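Peer 1: Given only the sequences and the hints, what does the whole structure look like? Please build it.
Chain residues, written in single-letter form:
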Amino acid sequence: MGIRVNLDRVLLDRRMSLTELSDRIGITLANLSILKTGKARAVRFSTLSALCRELNCQPADLLVYEPEEDEHSKAAQ
Amino acid sequence: MGVETLYPDEDESGSATSKASPAIAFLNVLLTIIWWAGWVFLILFVLVFLYAGLSFLGVESLKRSFEVTTPLMALVSSASVIVVALVFLIIVKQLRKICQTLVTGDPFVPENANRLRIIWIAVASGEVIRLASTIIISLVSKTTDNAVQAPDLRVYVWFMVLALIILAEVFREGARMRQEQKLTV
Numbered sequence: 001m002g003i004r005v006n007l008d009r010v011l012l013d014r015r016m017s018l019t020e021l022s023d024r025i026g027i028t029l030a031n032l033s034i035l036k037t038g039k040a041r042a043v044r045f046s047t048l049s050a051l052c053r054e055l056n057c058q059p060a061d062l063l064v065y066e067p068e069e070d071e072h073s074k075a076a077q
Numbered sequence: 001m002g003v004e005t006l007y008p009d010e011d012e013s014g015s016a017t018s019k020a021s022p023a024i025a026f027l028n029v030l031l032t033i034i035w036w037a038g039w040v041f042l043i044l045f046v047l048v049f050l051y052a053g054l055s056f057l058g059v060e061s062l063k064r065s066f067e068v069t070t071p072l073m074a075l076v077s078s079a080s081v082i083v084v085a086l087v088f089l090i091i092v093k094q095l096r097k098i099c100q101t102l103v104t105g106d107p108f109v110p111e112n113a114n115r116l117r118i119i120w121i122a123v124a125s126g127e128v129i130r131l132a133s134t135i136i137i138s139l140v141s142k143t144t145d146n147a148v149q150a151p152d153l154r155v156y157v158w159f160m161v162l163a164l165i166i167l168a169e170v171f172r173e174g175a176r177m178r179q180e181q182k183l184t185v
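As given, the protein sequences belong to chains A and B, one line each in that order. Position 52, counted from 1, in the first sequence is what this note's numbering calls 52; the numbers after and before it change by one each time, with no gaps. Position 121, counted from 1, in the second sequence is what this note's numbering calls 121; the numbers after and before it change by one each time, with no gaps.
If you're looking for bench data, these hints aren't it; they were derived computationally from the structure. These numbers were taken from a predicted model, which means no experiment stands behind them.
To give a feel for the contact side, a few chain A residues facing chain B, derived at Cβ under 8 Å:
#1 Leu35
#2 Lys39
#3 Ala42
#4 Arg44
In the BS3-like style, the derived pairs of lysine-lysine whose C-alpha atoms are separated by at most 27 Å in a straight line are:
#5 B:Lys182 x B:Lys97
#6 B:Lys182 x A:Lys39
#7 A:Lys36 x B:Lys182
C-beta atoms are modelled at their ideal positions from N, C-alpha and C, and glycine is treated no differently.
Peer 2: Spelled out as structure tokens, the structure:
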């Protein structure tokens, strides 16, 4: 998928651990790990909102669009 | 709406924890009883098959016990019943496994779709075998008056097979959606 989650970088900037974030927003550590490792298929607006609130950031700081190889070739054609 | 309310009772793997309801526990017990009863019937019909086989092969003392039917007919009948019993056991085994996933609280897994597929294949095979054995028995029957009995085509069984095919595909789609939901944070 072309969306990369920058949660680890934002967490590093805020000097916050994943466990602490998990406690603050009430999402299990397992689910946050799924998000952090890029395995998540979808993110709820409520989750994104809670993340932005606790990390004091914008959705764009957390999510980055990176076109995949085949999308690059399609665009070139 | 708070985020907490979206994740009420999720464990580490993300699946909802649940305790088996009395209905599921009852089903489990019922299936276990049916499972062992199936084995008893299978063993019984294997013994009948062996008995008919021995008398068909020429054991005179056994041959005398066949008055209404012939050893060959008994052989074919018991063989078809053994196959049907095996099909029945395959179905019960799959149902027990499906019930087990109900106990663990997550029945929408791809394995259950495959189990339902095994069940419909087993039901269809059992019906085909029953039809074939009916034809063979009517051919070898000693009471027949040259007229071959028309096979009894049970339409409702084939409708059941159709329903099971649809159910299996619904389960497959359900399992896919469940997997997607698991990966939604």
